[in-house]
Every structure is written in C-alpha cells, then in structure tokens.
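Just need the whole structure built from these sequences, with the hints factored in.
What the sequence shown shows, in my numbering, is residues 7 to 177, in sequence order.
In short, the hints are calculated from the structure, not lab data.
C-beta: ideal position from N, C-alpha, C; glycine also.
Treat the hints with care, since some could be wrong.
To be verified - With beta-carbon atoms standing in for the labels, derived distance ranges:
id	residue 1	residue 2	range
1	V10	T66	16 to 22 Å
2	E151	V10	28 to 34 Å
3	N141	E31	19 to 25 Å
4	R116	E151	22 to 28 Å
5	R149	Q113	20 to 26 Å
6	V20	A93	33 to 39 Å
7	L8	P73	16 to 22 Å
8	K137	G62	42 to 48 Å
9	V10	S79	23 to 29 Å
10	K39	L8	35 to 41 Å
11	R149	P73	42 to 48 Å
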Amino acid sequence: MLKVGFGYDSHRLVKGRKLLLGGVEIPSQFGLKGHSDADLLIHALIDALLGALGKGDIGTHFPDDDPEYKDISSSKLLKKIVLEVKAEKYLINNCDLQIVAEKPKLQSYREKIVNSLAEDLEISKAKINFKATTNEKMGFVGREEGMAAYAVVSLIEKKLWDFYNSIEGGE
Numbered sequence: 007m008l009k010v011g012f013g014y015d016s017h018r019l020v021k022g023r024k025l026l027l028g029g030v031e032i033p034s035q036f037g038l039k040g041h042s043d044a045d046l047l048i049h050a051l052i053d054a055l056l057g058a059l060g061k062g063d064i065g066t067h068f069p070d071d072d073p074e075y076k077d078i079s080s081s082k083l084l085k086k087i088v089l090e091v092k093a094e095k096y097l098i099n100n101c102d103l104q105i106v107a108e109k110p111k112l113q114s115y116r117e118k119i120v121n122s123l124a125e126d127l128e129i130s131k132a133k134i135n136f137k138a139t140t141n142e143k144m145g146f147v148g149r150e151e152g153m154a155a156y157a158v159v160s161l162i163e164k165k166l167w168d169f170y171n172s173i174e175g176g177e
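Structural data, given as structure tokens:
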C-alpha cells in the first residue's frame with residue numbers, strides 16, 4: 007500500500023532566536039518563535055509523516071505545553087517519528103517540501119537542508135525535493151512577520167518495496 011500525508015506549519019519571526027530550517031542554522035537577524043527550536047520545515051514534515059500513518063499531528067505527540075519539549079531539537083522529534091514509520095513497516099518513498107518566506111533567500115542553503123533531512127530520515131537525498139518561495143509581499147509572510155512551510159510525503163509498505171525491487175532489480 008502507498009500512503010500520502012500533508013503537513014503545514016507557520017511561526018512568527020522574533021529577534022533573539024536562532025533560525026533553524028530543516029535542521030540547518032541559517033544566519034539571520036530573526037529566528038522563529040516556538041516551544042521547541044521552532045524548525046517549521048521539520049514540523050511540517052513531521053505532520054505529513056504522521057498524516058500518512060493516520061496518527062494525528064505533531065501537537066498530539068509532542069505537546070507545546072510539555073516542559074520535556076522546551077527548546078528541543080526538532081531533528082530529535084523527527085527521528086522519533088521515523089522510528090514510528092519503521093515500526094509500521096513503511097519506508098519513505100519521497101518528500102516534497104516548501105518554505106514560504108520573504109527573507110532570507112534560501113537557495114544557497116538547499117543542499118545543506120536536503121543533506122540534513124536525508125540523514126534524519128535515513129533516506130537518499132534523491133528522495134527529497136526542497137524549494138523556497140516568497141509570498142509576493144502579501145499576508146503575514148509578505149509583511150515579514152513570520153514564515154510558513156508545507157510538506158507532502160509518500161510512504162510505501164516495506165513488503166511492497168521489496169517486491170518491486172525483486173522484479174525491477176533495485177531502486
């Protein structure tokens with residue numbers, strides 16, 4: 007069976023915090039406000055993975071009022087969800103990820119972000135597409151009050167993956 011999940015997250019920009027996107031620190035005067043490290047790209051990805059599994063959302067698994075998760079690395083949370091994907095006997099087939107932000111420009115960080123996520127997800131970089139766009143100066147993103155991220159993932163049952171590989175000779 008193939009499953010698809012969708013995730014979204016947004017956070018307000020604030021001074022005095024690091025800007026982490028996809029597990030990569032991005033130089034910026036502003037960071038994202040949140041209970042954890044506020045890595046909204048990973049948060050959207052977690053929601054997409056949980057959605058594909060039919061297991062709720064990030065807030066259900068990692069409540070923002072639980073002191074255990076205060077300032078926690080979102081990469082650590084993602085790794086916990088990857089274990090759930092494996093426990094359900096699924097593999098990550100692909101991820102399509104997008105950040106919407108006016109600043110900073112993120113194209114030069116694309117490779118670092120993809121590498122970081124591939125490591126956390128334990129998948130090939132070829133299975134991750136990352137892109138960034140602006141909101142054409144519209145809305146809270148356009149006014150540079152915050153950022154948003156979207157994620158779509160597909161999961162494939164491990165036994166189906168193994169079957170396809172046996173008849174096609176690999177990835």
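Going down the list of hints, with the structure as the test:
Taken as a hint, the range 16 to 22 Å holds for the pair V10 and T66, whose Cβ atoms sit roughly 19 Å apart. At roughly 31 Å, the beta carbons of E151 and V10 sit within the given window of 28 to 34 Å. Between N141 and E31 the Cβ separation comes to about 23 Å, which falls inside the hinted range of 19 to 25 Å. Between R116 and E151 the C-beta distance comes to about 24 Å, which sits within the given range of 22 to 28 Å.
Distance hint check: the CB atoms of R149 and Q113 are about 22 Å apart, consistent with the given range 20 to 26 Å. About 36 Å separates the C-beta atoms of V20 and A93, a value consistent with the hinted range of 33 to 39 Å. For L8 and P73, the Cβ-Cβ distance of about 38 Å falls outside the hinted range of 16 to 22 Å, so the restraint is violated. Between K137 and G62 the C-beta distance comes to about 27 Å, which lies outside the given range of 42 to 48 Å.
Look at V10 against S79: about 27 Å separates their beta carbons, and that is inside 23 to 29 Å. A hinted range of 35 to 41 Å for the beta carbons of K39 and L8 is consistent with their spacing of about 36 Å. Between R149 and P73 the Cβ separation comes to about 32 Å, which falls outside the hinted range of 42 to 48 Å.
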